Structures are given as structure tokens and as C-alpha cells.
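Peer 1: For reference, the chains in residue letters:
Protein chains: 2
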Amino acid sequence: MAFTPLMQDLLAALRCLPGVGPKSSQRMAFHLLERNREGAQRIITTLSAALERIGLCSRCRMFTETELCTICGDSRRDVGVVCVVETPADVVAIEESGVYRGRYFVLMGRLSPLDGIGPEQLGVPVLESQMADGVTREIILATSATVEGEATSGYLASLAHGHRVRATRIAHGVPMGGELEYVDAGTLSHAITARTPMLAD
Amino acid sequence: MAFTPLMQDLLAALRCLPGVGPKSSQRMAFHLLERNREGAQRIITTLSAALERIGLCSRCRMFTETELCTICGDSRRDVGVVCVVETPADVVAIEESGVYRGRYFVLMGRLSPLDGIGPEQLGVPVLESQMADGVTREIILATSATVEGEATSGYLASLAHGHRVRATRIAHGVPMGGELEYVDAGTLSHAITARTPMLAD
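Taken in order, these protein sequences are the chains called P and R. My numbering applies: residue 1 is where the first sequence begins, and numbers increase by one. My numbering applies: residue 1 is where the second sequence begins, and numbers increase by one.
Since the hints were made in silico from the structure, they are not lab data. Treat the hints with care, since some could be wrong.
[Said to hold, decoys possible] Far from chain P, some chain R residues (derived; all Cβ distances over 12 Å):
1. D78
2. G80
3. L114
4. P119
5. S144
6. G149
7. S158
8. T168
9. A171
10. E181
11. M198
[As the list claims (entries may be wrong)] Pair ranges (Cβ atoms, derived):
12. R:P175 / P:G178: 38 to 44 Å
13. P:R35 / R:G80: 27 to 33 Å
14. R:G98 / P:S144: 42 to 48 Å
Bear in mind that the values here come from a model prediction, so they are computed numbers and not experimental data. Glycine is no exception: its CB is placed at the ideal position from the N, C-alpha and C atoms.
Take the sequences, apply the hints, and build the full model.
Peer 2: Next comes the structure, spelled out in C-alpha cells:
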């Protein structure tokens, strides 16, 4: 089917959205033009406002419209503990667990020298100045369990050590309620190697 | 996680897209803000242009930026045959099959009196004037095989009959290459009822 250049541009633009391919972009474009022009207008308005007003928190690099994000601006939070994550979605996931009451630091990526992503791009100088502020007692390294995520955590742990800040890594292993049968071999082999004693030896 | 009102608005707006729920809207918003602000700008620009410039073809109600769509404007098409479909996506699907060389008429829905969708909303007066133009020989009813789709086709067939235009319905049955085992009972029962002779009786 020969689409007009404008329709082709629209389909290509919608494919910028994660998980959207040729079929879904057509479905989205047709849906908006056919049945929800008001919704399309809402997307335009809110997305424009978001691009203009949403930036990064000067302290933790989480999305925010103000100088400090809601978490950094919350005085009931423990400012002495910083949980380092790769993306804003990780912050949302940890917040939803409800267990953590410290601050965050969002790297917006992980060390990847081949892609030109070094400490500078991840805001590490900002994090390092926080390690040196005398308030930060511990950084919890919650980067992903990939080669680059581990390398990033290792690098940050050595920086923390230099500033006499405690560095911890989140636990990896079999998910709670997970059946061993369905757990992948890599996770299982880590779970066995990193086993912990159940009673004092 | 307490999102700011603007972020909440953005997530709600993205949920206007078909198939996008709370999780995907967050994934899309974060992706655009974090990694693809240029793509977000493209969505804003092309979607605005599309809303402003894409309307419906005056003859067949397909999306178009001009008075007539590319299909209605194509002089190599057989203007005597009109395939009636429910949505622009149906036009794209039939065009991709490559077998059809007539025109289309897009209802943009189907008869649904309870939702206030009558012949007027589906552009039936326009279609009826085309049935009366002396050029149209046949209308192929390709509405969906649902109760409302069948009712719509039945209604249009009776109109066509009044104008001495031949009305046909696309064939329904077991998909080509389909294994009987995996075909649903409704399709199978129709396929048996609507069986056709293989050799002249």
C-alpha cells in the first residue's frame, strides 16, 4: 500500500517508541486519526510540555521539573544511604517495593567505553562529590547483573573505598517464590556459589 | 512512586495509544525523555501535521491529504466495483494481498444503534449516491464476520438491491494453509454449512 509521505513520516516517528514496529505504528496512527484525535492532541501537548520542562535532578539525576526531585527533596529520607541505579525505571521499581528509605543516584546508563560512555557521561563526578560530603555512609550498588553493570559497580565500589564510604551490592540469586526448575543456569550457578550460612557455623 | 502531575499527564496521554497500558506508557515516556528526545520531537511534529492535514477522501472515506485518495485518483482502477470495509487498516490489508483492482468504501465503523452509530455516521448516503451513479456494477461487502458486521452487510446489500447493483460478500471459512485442528468451532461450522461443490453436480 502506497502511503503518502506525511503518513510515512508519522509511521516512522511512532516507531521511535520502544517496542513499536511497522504493524503497531500503523495501528496507532490509524487509531488516533480515526477514533481519537483528541487523544493525539493530548499526546502532542503533554509530550511538548514534558520535553520542555522535565530535566534531571541536580543531586540524583532522576527526572524532575524542579531543581531537586521529590525524593531528594523529602526530608524524611535517610540522606546517608545512596542507591545507585542505571535508569529512572529502576528507581520506580525499587520505590514500589516500599522497603528502601534512602536516596538514589541514577547513572542513566552504564560504563561502556566502546560506546564512548565513561564516568563523565554517567555523572560519576557528581556522585563522587557526594561520597566526599561526610554525610554519605553507604552506597548500594544496584546496577544490572550484566558484564557492564558489574564493571560499573566494581568501579564505583573502588571510588567509595577511596572515600571511606561503605559500598554494598544488591543480592543476586533465585527470585523469591521462584521454582528452581524455571531459573536459568547462570542465576542458579551464582545462587550456589554465593550461598549463605543458615545457622551460625 | 509519586510522579509529578506533568509526568502523570504524559503517562495518561500515552495510554491513548492502542495496546499501551501503565507499564508500557512508563517505558515509552522514560525512553523518550532519557534516550530519544529527538524522536519525541519528531512524534510531536509529524502527529501535529497529520492531525492538521490528513482527512478523509470525499469519495471513499480513506485517509488522504488531498480531495481524493491515491486509490480513487488512480485511473487504472476499475471504478465499477466497490469493496466496502470497516476501517482503513482493512484497505491496507486487502491492498497487500495484491488481488483487488477496484475501489473501496471505508465505513469507519459498523452499524451499532445502541452506540448511536447509524447509516449517517458510516457515510452510507455517500455510498448510496455512488450506487445510483450508473457506473457502479458491484459492491463487495468485506465487513467483519461479527453480528454487527453481518448486519451492516445485510443492510447495504438490501440498499444495493434497490439500486440494481450486485452485492457480494467475501468468503468466510477455513484460512488457506490452516490446519482444521486449530480452527475455531464457529469458523468450522460455517465452513461446513457454506461448502461449495467441487465438480459440476
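Peer 1: Hey, does R:S158 actually stay past 12 Å from chain P on C-beta?
Peer 2: Holds, since 27 Å exceeds 12 Å.
Peer 1: Over 12 Å from every CB of chain P: does R:A171 meet that, or does the non-interface label fail?
Peer 2: Given a closest Cβ separation of 22 Å, the condition holds.
Peer 1: Does R:G149 sit more than 12 Å from chain P, CB to CB?
Peer 2: R:G149 is indeed farther than 12 Å from all Cβ atoms of chain P, at 17 Å.
Peer 1: Is 38 to 44 Å a correct range for the gap between the Cβ atoms of R:P175 and P:G178?
Peer 2: holds (39 Å)
Peer 1: Could one say that the CB atoms of R:G98 and P:S144 fall in the range 42 to 48 Å?
Peer 2: Cβ of R:G98 to Cβ of P:S144: about 46 Å, so the range 42 to 48 Å holds.
Peer 1: Take a quick look at R:G80 and tell me if its Cβ sits farther than 12 Å from every Cβ on chain P, holds or violated.
Peer 2: It holds; R:G80 is separated from chain P by about 22 Å at its closest Cβ, greater than 12 Å.
Peer 1: Could you check that no beta carbon of chain P comes within 12 Å of the beta carbon of R:P119?
Peer 2: holds (18 Å)
Peer 1: Grab the minimum beta-carbon distance between R:L114 and chain P and tell me whether it stays above 12 Å.
Peer 2: For R:L114, whose nearest Cβ neighbour in chain P is about 17 Å away, the distance exceeds 12 Å, so it holds.
Peer 1: Go ahead and decide if the range 27 to 33 Å is satisfied by the Cβ distance of P:R35 to R:G80.
Peer 2: holds (31 Å)
Peer 1: Please check whether the beta-carbon of R:S144 is more than 12 Å away from every beta-carbon in chain P.
Peer 2: holds (15 Å)
Peer 1: Could you let me know if the closest chain P CB is still more than 12 Å away from the CB of R:E181?
Peer 2: holds (26 Å)
Peer 1: Would the non-interface assignment of R:T168 survive a Cβ cutoff of 12 Å against chain P?
Peer 2: holds (23 Å)
Checked against the numbered hints listed earlier, the structure breaks none of them; every hint is satisfied.
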